[in-house]
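Novice: By the working numbering, the letter at position 123 of the sequence shown is numbered 104, and the numbering carries on one by one without gaps.
No wet-lab data here; the hints were simulated from the structure. Backbone N, C-alpha and C fix where the C-beta goes; we use that ideal spot for every residue, glycine too. Check before you lean on any hint, since a few could be wrong.
Unchecked claim - Per label pair, the in silico range of CB-to-CB distance:
no. : residue 1 : residue 2 : range
1   : 39        : -11       : 25 to 33 Å
2   : 96        : -11       : 20 to 28 Å
3   : -11       : 38        : 28 to 36 Å
4   : 18        : 46        : 32 to 40 Å
5   : 59        : 96        : 19 to 27 Å
6   : 26        : 67        : 12 to 20 Å
7   : 101       : 49        : 18 to 26 Å
8   : 26        : 66        : 16 to 24 Å
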Amino acid sequence: MLTATLAAVTIGAHLHTIHFGGESDVPEQYRVSDRTPGLYARTESGLTFGAVRNSLGRPSLYLAQTWETQDKRFALTVGAISGYQYRRIEGQRGCRAGYVHAEANPCYYMHGKTNAVLRPLIAPSIALPAIGGVTPRVSLLGKGVHFSIEA
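Construct the entire structure; sequences and hints are all you get.
Specialist: Pasting the structure below:
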C-alpha cells in the first residue's frame, strides 16, 4: 500500500537558477546567487510544497498548486514563497544606486525583494525528455531560468 501512495507523489530537486538583469552596482556579497539547491514534492492532485536556498542565499519554504497538461510536459505552479523580505545591511560604503541615505549611518543597503513575509510564486515550466528515469524541468521565475529534476 505504501508503494501505491508514493507512486502518486513526484519528488524533485532544485538545482540551479540563471538570473538576468543588471546588478553591477550591487556589492558582490549581496548579489543574487545562481546556486539554489532544494527539494520539493508534488501530489497527484497538484499540491506542491518544498524548501530551497533562494537567490538571496536564504532558506525559503513554499506551498503552491501545480496544473499540468495531460502529457505532463507543460505546467504552471502558483502559490506563495517565504524568504525574500528586505533586510537592512548597514555600512560605510558610499551612496550609489541601490543604496538609501540614512542620518545615523551614511548608507545602508536594502537586500531583498519585499517587506512582506510571503511573496507570490508563479512558475510556468516545461519538462524535457527523461534521461534514465529522471525528468529535467526548466521553469521561468521572474528574472531567471530555473533548472530542476524530477523522479
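Novice: So, for every hint listed, does it hold in this structure?
Specialist: Each hint tested on the structure:
1. In this structure, residue 39 and residue -11 meet the distance hint of 25 to 33 Å, their C-beta atoms being roughly 31 Å apart.
2. For the hinted restraint 20 to 28 Å between residue 96 and residue -11, the CB-CB distance of approximately 38 Å leaves it violated.
3. Taken as a hint, the range 28 to 36 Å holds for the pair residue -11 and residue 38, whose Cβ atoms sit roughly 34 Å apart.
4. The beta-carbon spacing between residue 18 and residue 46, approximately 23 Å, falls outside the hinted interval of 32 to 40 Å.
5. For the pair residue 59 and residue 96, the supplied restraint of 19 to 27 Å holds, since their beta-carbon distance comes to about 22 Å.
6. In this structure the supplied range 12 to 20 Å is violated for residue 26 paired with residue 67, their Cβ-Cβ distance being about 35 Å.
7. Between residue 101 and residue 49 the CB atoms are about 20 Å apart, so this pair conforms to the stated range of 18 to 26 Å.
8. Range check, residue 26 to residue 66: about 30 Å between beta-carbon atoms, so the 16 to 24 Å window is missed.
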